[in-house]
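Chemist: Put chains H and G on the given structure of chain V with help from the hints.
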Amino acid sequence: MEESGVKEVRVFRPKSLGGTLRLYTRNPDSLLYAGGTEIIRRVQRGSRRLFAFPPKVIYLGNVQELNRISRSQRYLDIGSALDLSRILKLGRNVLPPVLFEPLSGIATPAVRNLATLGGNICVRSCRGDSLPALSVIGAQLELRTAGSTRWTTVGSFLNQRGRPELRPGEILTRIRIPLEEWDFALFRKVGGRQRRNTLSLAGVARFPKGRLEVLHFCFGGLKTPVLRLPGLESRLKNASVPVSTKLIDSLLADLDAALEEEDDTMEGRYRKATAARLFRWFMEKVNSRSLELL
Amino acid sequence: MPGNVIKLRFTLNEKPVVLQCHPGTRLLDILRYDFDLKGTREGCSQGECGACLVLMNGLAVNACLIPAFALADSEILTIEGILSLKSFADIRKSFADIQAYRCGFCSSGMQVALAALLLTNREPNAEQIRQALSGNLCACGSYNGVVEAVLQSSSRKRRYGRKRSQRS
Amino acid sequence: MHNFIHDIGPKRALRGIVYRSPFRKGKVTGLGVPALPKGYSCVQARDIPGSSILSCAGYSLPVLAKSEVRYLGEPLILFCGPDPEVLAEICAAVELSFEEESPVEYKDLSGPYREGQIINVAHGDVDLAFSLADQIVEGEYRTARQEHFYPDTQGAVADWDGKNLSLYAATQDPFGMRSAICRCLDLAPRKVRVVAVPIGNSMEGKLLSSFLVAAQASLLSSIAAKPVVLLFNREEDLLFSPKSPEFLIRQQTALDREGGAIAVRVQIFMDGGCYPPKDCEALRQAVHSAWGAYRVPNLEITGRTQVTDFPPIGSFRASGRAQAIFAAELHSSRLEEIAQLDPYTWKKENLVGRKEERNKRPGHMALAVLEEATRISDFTRKYSAYSAVKKRRRTIDQAAYPLRGIGMSLASQDAEGTRECLHGIDETRNTCTLKLVLERGKRVRIFTSFVDCGMGIHALFIQRAAKLLDLDPSKISVQPVDTRVVPDTGPTTLARAVTVGLPLLEQCCRNLQKRRKTAAAPIEVRRSVSLDTLLVSGRRKDKSKDDGAESAWVATVVEVELDPVSLQSICRGVWLVVEAGTIAPRKTALQILEGETLRAVGSSQLQEYRGTISDGRKLCANTDLIPGAEQVPEIQVHLLETQEGPMKGYEQLPHLGVPPAYAAAVCQATGFYVDQVPITAEVIQQCLEM
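Residue numbers (the numbering used here), protein chains in the order written: chain V, 1 to 294; chain H, 1001 to 1168; chain G, 2001 to 2690.
Extracted from the complex, chain V is given alone in its bound form (with noise of 0.2 Å):
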């Protein structure tokens, strides 16, 4: 037996985006922290007082470039490191309102001064906050590695498991949000501090003239952790508003097939029961605001 358990761990504290890329193609092993806030929690050891971490770390919270936002008349780029707070401080003026909401509801305010929206995406706990959102108004990620990038989806970067595909050396380094406008806007989350049970839904739409020229919505927090229905989605589309109670019902149909895999727990009832009203109050919402426009 050890003498002592404490194991070495190594610290980089890059400085550049490049740097930090060049770091990660030397040690992949290595794992990259930036706000750490749901690394914590799998690293604490019971009454130990050291964090268990690998080996190696390489600490993003010196990365000029992972911690600064840009705005063009376009779009609005944020750093993968920035921390909640600082992105919320854009206000709902800047910040899209669908994206607004579900990131001032995580966690803490101390939580949100260190959180990042970076980890945020990565982390498959967190599929109920910021990511119905990025796929509802086509935001992009920017993943680099020391000799490429490439942009993707929300929707492409997680596979079904709600886990990110990430070629070997790449870190998620930007966020690139598109500044459009909406007509209707929508985010809601259900279910309380817990992790258990928390359900969410965010929904963009346009209707000029009465009709829907396009309707997004993307649950999170289900059993596919970010759920889009493209067929449903393209039912809605060219659909007069308000939207008719025989085909929100119908939809709600489809809905309930598309959640077939929700386990027969409590918990798996509960989400999938919840889910159905949930779209059923959007599509409600949608209907409210059509009215209010024509």
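No lab work stands behind these hints, which were simulated from the structure alone. It should be emphasised that the depicted structure is a prediction, and the values quoted were computed from it without experimental measurement. C-beta atoms are modelled at their ideal positions from N, C-alpha and C, and glycine is treated no differently. A portion of the hints provided could be inaccurate.
Pairwise CB distance ranges (calculated) [to be verified]: (1) G:2053 to H:1015: 48 to 54 Å; (2) H:1155 to G:2111: 55 to 61 Å; (3) H:1152 to G:2528: 40 to 46 Å.
Modeler: Leaving out everything else, chains H and G in the frame of chain V:
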């Protein structure tokens, strides 16, 4: 220097400090055991109860969530600093009269949260105070008393402020 | 700033750790302790010099299991040493051989289990009344096991110097702890000193586990001959501390043609856990509260503790009474519907018994609180309005109007019961004593074993003494609780402090006033009361004729709104009207009642402890037992003060009144019979599916 140990420089309660420790040491334990600052308490170890709040670069954070390597060159203020430093005298007035705490376990975390709020907003309303305290759990349920006390203090300051301006 | 148990401890102290069984049930066939580095020690069950069974308030469990393991996490070995990292490695290196047994899973607490204690209470002829009944109403009510969440996790600091043991512990019963440690370590009481450290809220949940951790720390210190600090982290505390047990209560009521109750039969099943108490005060309280505030000519109550494979239970808040009153009040709401009476009218009529008995003296305080609660909450109007909406509604998930409901309950905290509470911990402790010393400079010091624990007990004593001695409160202080210095006034609860401690203090003050006229400071006075005297006088009373005049009363009204999407109930308001004698200081009482009300709302609507055998490793979501600052409903607390009697204990009242009123409100809001607490969204979903 062995990989187990890093040399940390940061500011603690307005004093520069240097510490050698394992990079994975929790800030909470650094404060409590290396600096004997017991006011920062351990409640849940998950960043949910707020008992371990400190100010880091002016923002309230959970000390149970911060590893040593994230501390370098930071400014850390604990409840002890907030209760004693001259720079916080004015802020202290806003929560000096709170008698709502019962067992007192959550009080230091709550006061750090209030200090963080008052640094940017000297006359918060009830909703803002509650939001600032939303990360603090009080098992004795003393929230209303705390909110009331801070509101009354703000209201006294507003009245006092008016009188001063009338005199001048 | 207080120093809690985690804040103290000499720098040279060793740290302790508990090696626990990773299995739920079975027999240890081999336990291989690794070679320990210098400066590290261990304790196993065979090393315990005295009794290996710890007893506290009627509950008992082993300090360390010998071979039989009955629950996940049962302590097997203790280690201590300078480095917590090394201790964790030592625990990881223990080699355990085990014959595992399957724990019995249960869904129905009334199922075929071994029975522990049985208590029967009856009057009248229940069988005959049921045979003559026009209608029989049945109901089954469940209160889940719940976490006692407290902010400061368990811990103790023990220092054995070779001859004497000093123990620092967050406990409400330092003398009880001393007795338990003496038995465990086979030491005379004069060799053990217990210093009470400030204790966070929800101290009831800590009583048994504080004794256990203190015994473990003491054993380690005695072996290592050095101070030892043993602290549980949050995960350990949540997983392994005793919980409030589950109750299943079946109510049957026989009604006459007019809908009046002529007989009540109640069966109470209490989960006694794997180490069920032999003489369970909680069961006794449940049995005696089973028909709540109401009279009925024929009554039969049977209470049982079931021996299950659930982890040990310990003392818990409102001690069986809350669970019984929950069932009684919720059952009465069914009877209200059948009788087509609103809750206030039904309670008023049944409180005074049948019509022909109305001339007899009623529990008039009960009526007073009921009337005031009805008035301040606008109960009658809201109840009618929400009932009308409920009738028009088809389904709750397609409701056109907000889903609101309002519920009312009536409950009492029995003054005698609280005197009995925690008595019998130790047969040698038969006397409660309080001491007062007038020092030079007209300063007075109060010596008592009552700790403050956020209940304002010390402030109450200081205020009372200041008034009686005509002194400024700043001249009066309470001696820090140290068993070497203070007398044994018994275990602390607010109720005992006011019903036992205050009278003793008053007697001391009066005696001191007399003596200071002729004697010079320092002057010491003591007063004692025998617990047998209190206990016998309490038990002599015929409970069936008890008019409740000595109890503290609460009428509670709760208004809720149900979110039709998430099915979560949101508390819109709570109105509490309390009668507890001449309460002082008022401000403290209001703060305590408001705080406990918020806790009671939390335990009515939030997470239940998922500590069932099958998911024993799941953590209780502790943060979901305590509402946050943004979730505080409107709470109004009114104190009805009478000048007739002394102050009574009142701290349990919100936990007695809120859950049934909450459930009744949710029933009205949803149109379902919700018969359990906590009422989570999943519970409402289950009702929808039925």
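Chemist: I want to verify a distance hint. Is the separation of the beta carbons of residue 1152 of chain H and residue 2528 of chain G within 40 to 46 Å?
Modeler: Given a distance of about 44 Å, which is inside 40 to 46 Å, the answer is holds.
Chemist: Starting from the range 48 to 54 Å, see whether the pair residue 2053 of chain G and residue 1015 of chain H falls in it by beta-carbon distance.
Modeler: holds, 52 Å
Chemist: Tell me if the beta carbons of residue 1155 of chain H and residue 2111 of chain G are separated by a distance inside 55 to 61 Å.
Modeler: holds, 60 Å
Checked against the numbered hints listed earlier, the structure breaks none of them; every hint is satisfied.
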